[in-house]
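Trainee: Take the sequences, apply the hints, and build the full model.
Counted from 1, the sequence shown has number 147 at position 147 by full-length UniProt numbering; the numbering is strictly sequential.
Simulated from the structure, these hints should not be mistaken for lab results.
Heads up, none of these hints are tricks.
Listed next, with one range per pair, are the computed distances between beta-carbon atoms: (1) Ala252 with Ser38: 41 to 49 Å; (2) Asp286 with Phe188: 30 to 38 Å; (3) Arg151 with Glu212: 16 to 24 Å.
We treat Cβ as the ideally placed atom computed from N, Cα and C, and that holds for glycine.
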Amino acid sequence: MSTEVSGPARRGGGVQWRDTAVPTRHGEVTVRLWTPDSGIPSEPVVVWLHGSAYIRGAINMPEAMSVAGHLSRRGCTVAVVDYSLAEHIPAGDEWPWPPRAAAGIRFPVPIDEVVDVCAALPSLAGVTSVWYLGGASAGASVALSAAQRLRDEGGQLPAGIPLVYPTAHSVLPPMTPELRNKYLRIPFEQRYSPLRVHLMNLNFVGTEDRMEEPYAFPGDGDLSGLPPVYVLNSELDGLRASGQTLAASLAAAGNDVVQFCEPEALHGHLNTPELVVSDRSLARIDAWMTLIEANARASGLGM
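Mentor: The structure is reproduced here in structure tokens:
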């Protein structure tokens with residue numbers, strides 16, 4: 001696949017970024033490519049996906065911009081994918097919304113797009129011997145599903161998969177008593193209840209009979225044979241039930257998994273970069289990536 005630069009480079013804070021159009025099987029997708037201020041792509045490369053329930057979010061939201069800026073200052077090239085969003089509720093409506101027909105953008109479109117962007121990395125970023133595929137919340141789910149697809153379709157797998165407060169299951173797993181007690185401390189509008197998660201997922205796939213589609217919700221699928229995974233959960237988050245279950249299932253499937261629960265953090269805390277807890281989480285991802293890259297050097301993958 002070839003790519004086409006669709007905007008001028010912008011600079012700030014020791015990094016620069018430009019928007020690039022990447023062809024996919026569903027049409028062009030904008031990828032915001034972040035590099036150190038030299039403008040020269042360098043390893044490692046991070047493909048990053050924002051969250052917001054499959055229906056909202058953009059490459060200019062803090063969960064994309066602040067993460068990409070942080071990783072670029074670390075020396076990474078970051079490709080933030082503006083993947084297609086599922087048809088969303090009208091402005092002003094609140095959760096939960098009524099189930100709707102399967103018309104419009106649905107699974108597997110966003111996952112297809114991310115798989116195609118990953119295949120385009122050699123022309124997009126120039127270097128791909130060490131790269132990561134990760135995301136936050138619903139973006140974490142899309143990232144892990146795309147990794148499963150790459151594994152099964154013979155694509156190049158990333159060196160690691162960082163997942164931040166992921167939702168990964170068609171049905172929210174049961175909360176532990178400890179999480180249930182803390183769940184009651186969460187502001188009501190930020191609570192992810194089993195009903196809310198069900199409706200979010202139903203909106204993503206379109207109809208009940210598609211909830212068990214392969215790759216729709218990666219925690220329900222085959223988790224064997226994946227690269228190292230970092231699961232960072234928020235302590236005050238109902239979706240921690242999904243993240244904790246996912247980490248346990250990944251480990252049971254024989255994968256290298258690191259799980260951490262960020263103390264006192266709410267779901268989506270990377271979207272508030274001024275919080276100290278956001279900096280702490282990014283530092284934890286840095287430390288994990290440093291270990292992955294040290295192992296890559298020891299294995300002769302360069303860098």
